[in-house]
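Undergrad: As given, the protein sequences belong to chains B, W and F, one line each in that order.
Our numbering puts the first residue of the first sequence at 1, with every later residue one more than the last.
Our numbering puts the first residue of the second sequence at 1, with every later residue one more than the last.
Our numbering puts the first residue of the third sequence at 1, with every later residue one more than the last.
The calculated lysine-lysine pairs, modelled on BS3-like cross-linking and capped at a C-alpha distance of 27 Å, are:
{"hint": "1", "chain 1": "W", "residue 1": "K301", "chain 2": "W", "residue 2": "K311"}
{"hint": "2", "chain 1": "B", "residue 1": "K197", "chain 2": "W", "residue 2": "K275"}
{"hint": "3", "chain 1": "W", "residue 1": "K58", "chain 2": "W", "residue 2": "K214"}
{"hint": "4", "chain 1": "W", "residue 1": "K32", "chain 2": "F", "residue 2": "K121"}
{"hint": "5", "chain 1": "W", "residue 1": "K58", "chain 2": "W", "residue 2": "K104"}
{"hint": "6", "chain 1": "W", "residue 1": "K146", "chain 2": "W", "residue 2": "K214"}
{"hint": "7", "chain 1": "B", "residue 1": "K69", "chain 2": "B", "residue 2": "K21"}
{"hint": "8", "chain 1": "F", "residue 1": "K182", "chain 2": "W", "residue 2": "K104"}
{"hint": "9", "chain 1": "B", "residue 1": "K69", "chain 2": "B", "residue 2": "K197"}
{"hint": "10", "chain 1": "W", "residue 1": "K275", "chain 2": "W", "residue 2": "K311"}
{"hint": "11", "chain 1": "F", "residue 1": "K121", "chain 2": "F", "residue 2": "K182"}
{"hint": "12", "chain 1": "W", "residue 1": "K104", "chain 2": "F", "residue 2": "K121"}
Treat the hints as calculated values from the structure; they're not laboratory data.
Here the structure is a predicted model, which means the values were calculated and not measured.
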Amino acid sequence: MTLLQVRDLQTHFATRSGALKAVDGVSFDIAAGEIVGLVGESGSGKSVTGFSILGLIDPPGRIIGGSVKLEGRELVGLPNAELRGVRGRQISMVFQDPSATLNPVLTIGRQMQLALEAHEKTSEAAMRARAVEVLERVGIPDAARRLDAHPHQFSGGMRQRVAIAIALLNSPALIICDEPTTALDVSIQAQILTEMKALARDLGTAMIWISHDLATVSSVASRLLVMYAGRIIEEGPVRDVLRAPRHPYTAGLIASLPAHAVPGRDLVQIPGSTPSLFDLPPGCAFQPRCTYAQAGCGVMPNLLREENRAVRCHFPLNGSGS
Amino acid sequence: MSEGGSFKDMNQIITVENVSKRFSPRLSFGEKIAARLGSPIETRTVHAVDGVSFAIRKGEVLGLVGESGCGKSTLGRVIAGIHPPSAGAASIDSAPVMNAAGRKTTTRIQMVFQDPFASLDPRIRIGETISEGPIAHNLVSSAEAKAYVARWLTAVGLPAEAAERFPHQFSGGQRQRVAIARALAMQPDVLVCDEPVASLDVSIQAQIINLFLKLRRELGLTMLFISHDLGIVRHISDRIAVMYLGRIVELGPTEAVYAAPQHPYTRALLDSVPKFVTDADELVSFKPIEGELPSPLSPPKGCHFNLRCPKAEARCRSERPPLDEQGGERAVACHFPL
Amino acid sequence: MIDPSSPLARFWDEFRHNRIAVGALVVVVLIMLIALFAPLISPQNPYDLATLVLTDARRPPGFVGSKGFTHWLGTDAQGRDLLSAILYGLRISIQIGVMAGGIAFCLGATLGAFAAYFGGKIEALIMRIVDLQLSFPAILLALVLAALLGQGKGPLIAALVTAQYAYFARTAHGAAATERSKEYVEAALSTPLSPRRVVFRHILPNCLPPLIVVATVQVANSIALEATLSFLGLGLPVSEPSLGMLIANGFQYMLSGRYWISIYPGVALIVLIVAINLVGDQIRDQLNPRLRR
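Chain B extracted, bound-state conformation (with noise of 0.2 Å):
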């Protein structure tokens, strides 16, 4: 069943040397209790369709196109009010910095309960034993204690948790996570990815993983979004995207990890540098980096589809794997 269904989003940045197409014609379908991983380097429109999808794109930044349904109900064009009702409601978001959702001189528990009251009353003590429940959930020991502790109580690992509970108050149907461990230690990130996974798992979310980490996102999520200068330039499952990819970006980004390379020769380099999105190449935004670019290339491919895979070339690798 599809979740959440976007098409064609354009999120775009007013700016004084022009519009900053930082998300240019996005779509993709979530199913419920889908893990989906949304892979990009700095620039790329990873974490602005994340916020798109959420409604939460201040001025000079807009949507100027596109629909955003979730279950079947359109989000883009939606007054605020009704926004914030969908917001930590039907979808919360994790962010990188933990401190972006916690209010440094409120307890957690006052948060927790500012959280639920803000789409549903009910009485006290019930509030708390949800917050307790969803703590516990996320692996905070001790938790209905800890309910009256501040947020610099906590360490970095035991913020993001807090963070992670919060989100899961209402139960939300989706959450989109902004690369929710790239600030953690890995001993940290391996156990919130742990935990992550078994609450997709249990609860039924659908988790949107956005980060530029193939070797996480390989980790977690079943489906995978590779994008790259605002646009999807391939899709599908993750271990068939990392074992035979079909955009030569991908492959490109898969070759040069250190895994893939003898101890001390040369890694696999994509040349050049990530393009600034003031200064497109016309057609695919990745040509002038591409080993395999030829005159065609200046046209702007569309996502081919093919079964549960797509890329967006005009010369697709064929899949050996690298």
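Place chains W and F on chain B using the hints.
TA: Below, chains W and F without anything else, positioned relative to chain B:
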């Protein structure tokens, strides 16, 4: 005795002997008075580096890995002569890196930093950024500086014209190349690299790693490569040192350590890295370490890892394990090595 | 970023959207030009006693004097053309304000930056003295110093600098302490470069934005302080009347209805100080919200 001493015969260039670095919180005048009068103002000290000894051999790349707050960056800065150590000393060919007054006395060690957006002075042209050190230390005359800068820019894969531009006109990867050129222009023997690719885009990281590999081959550099990314360290290092809460817990040839770690922390760290999974049948790809990283303000007694260690016994909670040699050039600081 | 225009061009682009600030800037520039060319444009040389006619003394604005030109702002007790006196007075006031502000800037910024660079005891010593001085009103300090050092331009500037360098030192110290911890300074330490080069070539240029804000305000303050001292008779000698002294000279005639001798120099002083402050406010507003990395 320092464990670094036991490698004396091995052509070592950098020796780190019993180095500690403590940071005390700055107290205001009023707080000092209050503390004297017995008020419970905390004068806690962070032991960022806690009695570390090791050596780097000429021409090798030593990888230094650990989680945030383990002291690896501080240790790198002590070796590079940026922070004076609170105790102990780092030396290059037996000459201390810093004098008693806390000023660096050698140009043979240079450093490359994590964030190329912060490590280049935004108001100064690339050419001057690269040439000011060599001119100040008479490695090149002002008249020849332009050609000298061009040579190093070319060496790191940038056009010579870049000298005329300012840092903000470059991308992150290009800035990191400039930072590398600045360090190399001092003609160092040793390069300390503190997370040099961590703030770069994934597709750019490989370029910079390859540049380091090339420079190492061509210039015979000795490198201390600090990173939290175990994959990158494995790729570039000959030997690795693993740090946990201010101490080195394991040291040895890279492949041997990765294949069979002897310290429970190294084992756990390697297990918690998400593996790149392409096989549809493979299940969870990592095993997390239990528990939280303790605060460096109050590390546990004995072995710092004892709170999270599955093998910890009473002795681990009271006695600090020394970094002992295990044979095969390996050393581990554990009472019960794996 | 990718923006091709220089930071200065972007700064001006934003600045010109505030009409009040642009107006104030025009006023400041105009006054500066007038002061600079005072000898060329003023009808009379107010310092040349030979041109003064005592019978023309204390005449109201618009009076046509015995030398045949109109005294648009009237004359003072010595028969001086007030417009000329104000133009020359502005010249002296601005000269002293800018010089005192400039010297205080260099001294204070250097002290503050070195304090932040070295830290420890040196920092504690310098900043304690600065704090101590900031706890006195600047006017009090300037008064005592002006009384001790005597009259004349040099002593006056010395008094103003001593009263004001602490503001620069405090601002430079704060900005430099932030810069000190950045990686480009660590890079300079690992080279190693000399402390002098690190401070003057790297740290101080990056501390300039907040210092420029303080500088505009302090130049205005210097001018006001100088006027105050001169008004109290502790500033410049009578032979070089600054605006403060003109106001003081006319003060005794205020009650007898000859308002112009004090009021017009006062208006000139107010316009100058307000205009400088308006420009300074806009610069501060522009630099504050988006501290460039």
